[in-house]
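Asker: Protein chains in written order, with our numbering: chain D, 1 to 302; chain W, 1 to 552.
No incorrect hints appear here.
Covered stretches of chain W (in silico footprint by chain D; criterion: 3 or more residues with CB under 8 angstroms from a CB of chain D, positions within the stretch not fixed): (1) 124–138; (2) 224–235; (3) 423–433; (4) 520–526.
By construction, these hints were calculated from the structure, which means they are not laboratory data. All C-beta atoms, glycine included, are put in the ideal place defined by N, C-alpha and C.
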Amino acid sequence: MKKALLSGLLLLLVLPLIACSAESDSTTTKEVKPLVTGAIPDQDPEKLQRQYTKLAAYLEQELGVLVEYKPVTDYAAAVTAFKVGDLDLVWFGGLTGVQARLQVPGAEAIAQREVDEKFHSVFVANKKSRITPFKTITDLKQLKGHTLTFGSESSTSGRLMPQYFLQQAGLKLNDFKGEVGFSGDHDKTIKLVEAGSYDVGAVNEKVWLKRVDLQEVDLNKVQVIWRSPAYYDYHWVVNPQVKQRYGDDFAKKVQNAFLKLDPNIPEQKEILELLEANKFIQTKNSNYAQIEAIGREIGKIK
Amino acid sequence: MSIDPKQPSLLNWRTLWGLLFVAAVIWSLHLAGLFERDQVNVGGWTLVVRFLLAAFSPELSSEFLHLTLEATLQTLTYAVCGTFFSVLLGLVGGVLSSEVWWLSKGFQAYWLAVRAFLAIPRAIHELIWGLFLINIFGLDPLVAVLAIAIPFGAITAKVFAEILDETPRTSLLALLNSGVSPLNAFAYSLIPQAFPNLLSYTFYRFECSIRSAAVLGIIGAGGLGYQILLSLQSLRYEQMWTFLIALVLLSGATDFWSAMLRRQLGATSRLDLNVLNLSQRQKPLDQDHRLVSLSLFGVIVLLIFSFWYVKADFTKLWTPRTAQLLAGLIQDSFPPDISQLSQVLTLAAQTLAMSLLAITIAGIGGILLSFPAANNFLLPGGILDPGRNSHLGTAVLVFTRFFLLFTRAVPEPIWALIFLFVFFPGILPGAIALGIHNLGILGRLMAEVTENLDQRAARSLKALGATGSQVFLYGVLPCTLPRFVAYILYRWEVCIRATLIVGFVGAGGLGRLLTEQLSSFDYRGVIATLICFICLTFLVDLISATVRRTLR
Numbered sequence: 001m002k003k004a005l006l007s008g009l010l011l012l013l014v015l016p017l018i019a020c021s022a023e024s025d026s027t028t029t030k031e032v033k034p035l036v037t038g039a040i041p042d043q044d045p046e047k048l049q050r051q052y053t054k055l056a057a058y059l060e061q062e063l064g065v066l067v068e069y070k071p072v073t074d075y076a077a078a079v080t081a082f083k084v085g086d087l088d089l090v091w092f093g094g095l096t097g098v099q100a101r102l103q104v105p106g107a108e109a110i111a112q113r114e115v116d117e118k119f120h121s122v123f124v125a126n127k128k129s130r131i132t133p134f135k136t137i138t139d140l141k142q143l144k145g146h147t148l149t150f151g152s153e154s155s156t157s158g159r160l161m162p163q164y165f166l167q168q169a170g171l172k173l174n175d176f177k178g179e180v181g182f183s184g185d186h187d188k189t190i191k192l193v194e195a196g197s198y199d200v201g202a203v204n205e206k207v208w209l210k211r212v213d214l215q216e217v218d219l220n221k222v223q224v225i226w227r228s229p230a231y232y233d234y235h236w237v238v239n240p241q242v243k244q245r246y247g248d249d250f251a252k253k254v255q256n257a258f259l260k261l262d263p264n265i266p267e268q269k270e271i272l273e274l275l276e277a278n279k280f281i282q283t284k285n286s287n288y289a290q291i292e293a294i295g296r297e298i299g300k301i302k
Numbered sequence: 001m002s003i004d005p006k007q008p009s010l011l012n013w014r015t016l017w018g019l020l021f022v023a024a025v026i027w028s029l030h031l032a033g034l035f036e037r038d039q040v041n042v043g044g045w046t047l048v049v050r051f052l053l054a055a056f057s058p059e060l061s062s063e064f065l066h067l068t069l070e071a072t073l074q075t076l077t078y079a080v081c082g083t084f085f086s087v088l089l090g091l092v093g094g095v096l097s098s099e100v101w102w103l104s105k106g107f108q109a110y111w112l113a114v115r116a117f118l119a120i121p122r123a124i125h126e127l128i129w130g131l132f133l134i135n136i137f138g139l140d141p142l143v144a145v146l147a148i149a150i151p152f153g154a155i156t157a158k159v160f161a162e163i164l165d166e167t168p169r170t171s172l173l174a175l176l177n178s179g180v181s182p183l184n185a186f187a188y189s190l191i192p193q194a195f196p197n198l199l200s201y202t203f204y205r206f207e208c209s210i211r212s213a214a215v216l217g218i219i220g221a222g223g224l225g226y227q228i229l230l231s232l233q234s235l236r237y238e239q240m241w242t243f244l245i246a247l248v249l250l251s252g253a254t255d256f257w258s259a260m261l262r263r264q265l266g267a268t269s270r271l272d273l274n275v276l277n278l279s280q281r282q283k284p285l286d287q288d289h290r291l292v293s294l295s296l297f298g299v300i301v302l303l304i305f306s307f308w309y310v311k312a313d314f315t316k317l318w319t320p321r322t323a324q325l326l327a328g329l330i331q332d333s334f335p336p337d338i339s340q341l342s343q344v345l346t347l348a349a350q351t352l353a354m355s356l357l358a359i360t361i362a363g364i365g366g367i368l369l370s371f372p373a374a375n376n377f378l379l380p381g382g383i384l385d386p387g388r389n390s391h392l393g394t395a396v397l398v399f400t401r402f403f404l405l406f407t408r409a410v411p412e413p414i415w416a417l418i419f420l421f422v423f424f425p426g427i428l429p430g431a432i433a434l435g436i437h438n439l440g441i442l443g444r445l446m447a448e449v450t451e452n453l454d455q456r457a458a459r460s461l462k463a464l465g466a467t468g469s470q471v472f473l474y475g476v477l478p479c480t481l482p483r484f485v486a487y488i489l490y491r492w493e494v495c496i497r498a499t500l501i502v503g504f505v506g507a508g509g510l511g512r513l514l515t516e517q518l519s520s521f522d523y524r525g526v527i528a529t530l531i532c533f534i535c536l537t538f539l540v541d542l543i544s545a546t547v548r549r550t551l552r
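Just chain W, with the same shape it has in the complex:
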């Protein structure tokens, strides 16, 4: 920024990215066939109406509620066990892939190698891990637990490493210089210092694990996702709504508990963790240790219960059968079959288009809904307090928040199946499904941005007599928009990975091809598709990181 009061030039990064974005969206709509093919399947509306009407009469017989409770417990326990192992992997991987660890050992280059290695498990969605693991562990709850633990472990390792690298190093260096071994020095300086952030991220991962455990149900791991899929497949919508309500309650309760705990610990908020803005640490509220110790106790009980409840056969991890099956699978998968390469590349372009459309829907919808969902916006004393009718403000807030919770609690493949009633299979229903799910996540994150906004600008504008829309356009939007864009880009990286799983239930793209290849046991084709898909995710990560850097 120059000090001159000159008009800034229009030729800047922002305009460039903006134009590219518009072009990309038009290209995506073209690939989705919006301009040439029939998209909407008018015949399906009757089913949608039946589905929506069923929401008013969910099945509530006691026998059925018992089944719902069992399914809920199963999803919860998968999530707990999965999170446990992912944090364990994350701690080890995090230390090993942090720059500061290798610095303390004297080899600097290794951390990059470990990081690059961890990028591969991260790029593959939990569902694909699940399908792969079935091949070596068979029908066992272990598959679900590890399908969460492996990719989430790699993500956790990356974030833990970044947290460790961002933590001040003075005390660590002091210990190292006085001859303490690196492991001890880590355990006594860096880890305790970074502890609140690590713990906070662990809880965030747990929230993600719940959603993931539900998705895994779709490939047959059981639990709520499985039951929802079954009732949807047999068109028993009344039962489906009962399961959906249970999933929303489970997911909502976890989010609420985790947010409370984070605030008590004074740890970084959900959104700052996502883009690693660790300096934004909040002051702990009135420290109430009871909640923290009660939660800790709760976590231990939950863990013991979960390991007992899932009944996974952990011995399968080291039995010779597993090694044999793994060796056989690897033998069947190599060399990758590249005979279908041109088809794979066309589908890769479609997949990219799907993710772009999805993030556009999620981004725009999320921004629009984030304001009414923020607790400092329409409520009395908020930025845009309507003054007269404060009940209306509260009603809007509660309704929007519930809507966001609902859209993010329902897994993407379930949304896709619902949209497939009225759309032909293709990338459009997939994009809408992904968009709706991510809208719920982005809307919530963005509402937190508005809630943490520095309100002085808005207040002074208001005091000077600006109208509501002026305050919004000049006092609120300019402060929040850059961070919104950062979250949207971050979420895009997640979206591209999730395109596979909506493809799985019949929306288009590489996921659809992968389903065909998996059901044909064409492992060499599967590997070729996966390699292409991983390259695609790296490309998206690269674009996203570049845009974020140039906009900073």
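Just chain D, same shape as in the assembly:
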């Protein structure tokens, strides 16, 4: 009995060694690592997975390297993974993109959709709250005493800019009823406001319009009460390590691959539709100076 136990224990001690040696073999056989893409999880993750596998296939064909999509579950984790080099090409929001570039010197914002250079947030409200739509930013004061939820802590359109506009209107977060919520993503915000858990929610306009288009929200229950001024938001950021791996002009090649996406070619049209773009345009780091300044003001960038 005891012998059996002891020999069992000995065997257990050897196990991790076996695991290690097998692993190191496989890393030496892979010569060129694949290009790893990712995205901040701002929407339903199952939908993201579908969108990005299509895109990965396109990039593979355009760039001539293996492309892999790695799902990430948290905004901050996406930035961290980019920083440690596990993600090479990431679809960031305005704020997360700035956070990522500040931590990875040499990282570049390369492309975005047309809509992203003039992006808007919307405040949506449950109709039972009796808040009526308004046009001017100072009218945000009406929201005082209601319940409010943002999206994720690190969301540009669901937290950073809405909080900034509230500040501009002279509202503080403790002017709201109870504590301000953080739903996690835009879809959840819409559903929470629709169900009445919160009177008001701050949402990415693009996601809102898409849900309205697909008739996934009940417009008898929720309505837009205010549309924010425009700001720069989502963009692709490429990690400088790809230049060492695939050559100096690789970032440029990736940029071209995005700019080349043509809505007249059926396969590419499908990808553009999945990413909700008409076409991609160029962008650059300096476009995000305003986001960086607001991020510092609100304390999301140190």
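Model the placement of chain W on the given structure of chain D, informed by the hints.
Answerer: Just chain W, lined up with the frame of chain D:
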């Protein structure tokens, strides 16, 4: 206790702690804002109703069940690998931090130093370890395995050291005195002697690892916790219930197997391990070696399978990239940023209040439910056998046990997310979530206390014609209550550590601040918050130990 039949004075430790406890609960409720602010978010009830209704129609399509199986395997294999490394660390750390080891080497003071050092990894929750390790290992299953292994290794080391110190030393001393080297003497005397207790604790750790692996899913490690979080976030409750059922089954099966095995080995029960009551060893039942050897075989197969399945890149442990990233992280984190200190201290008070409310809910609920869950209580021949309707007793027992299993199988952050439907973010939903989860654990532990109770007092009262409630109040409660209090205090220490992870999903306290700081990459602020949090856990440990000592 004096021999005089005098009335004992009311001025004793018990009254003092009792009064302090009541005061603390009132203070906590005040901090939770129960007396001034709106707490309940009436708008959320429709979602709760939808959530509960979905329990009757979990999604069972074959494709979805396949996904559930994969997620279950992932959680299981993380737990297996995590436990393996934590036991390894625990053995080394346990020997090094035991008093008897340093005694055998001739330096007595070192064991205290090693013990103090091990207290730090123990104070930090697995989830925080996970978030830290992502920064140096990136997106790799290794993060999940080590996030379990490091804190659990430190806990295991502490318990192993205590087990070794409590084991009789005569044979060890005999070997040492005859000139055997300390390592050999340990391997041939103390370790084999303590083996059943060490093994028993290992299985208990495995049960904890399963729960922990599920929680780690929430920061993206994958597995059941991750899937539950996803389906909850996208409000697909039918799918969520399927995952929840899988988690309850996995957790229940592990608890059952581990309890069986412990009984076969005649090892200490789950509860005595928790408060180190090693003298309470049970007699082995009819020794059935088949179960033990079958289990051993099962463990080996499971380990091989798990290491193959998790596909963690262990080479990352020693690659230069890891060292570089670690150095960079340390550089970014020091010196700690204490500019927010006053906010941190306010939140620390809230966190303490949250843990107090949580343990009050768990303690009272656990005591109430532990009696119907004990198998010697309402069943035929039990202490309070109703006699007439024995099926009712069985039904109550099964229902209560299932309820306890369910509440403890669902991780605290998931409970918190559910309660956040109807409460505003703050310490109250966090406290209720922690309370419900710990209620399941305490209820089960307390039921075991009642099951192991010396029944002679109750039986003689019954024979003398006492009514059911009299038997309960005078024959059962006085014997069980002191041990209940000991477990409640022990669990409070666990609760304070878990406040961080409910704060993470939006309940209040230091966890909420930590989420903000982590998502702002404010590492210097993170370190300041963590230091404050560790001090808070030490304070709670100290109070808990003092109360336990004075009540003994």
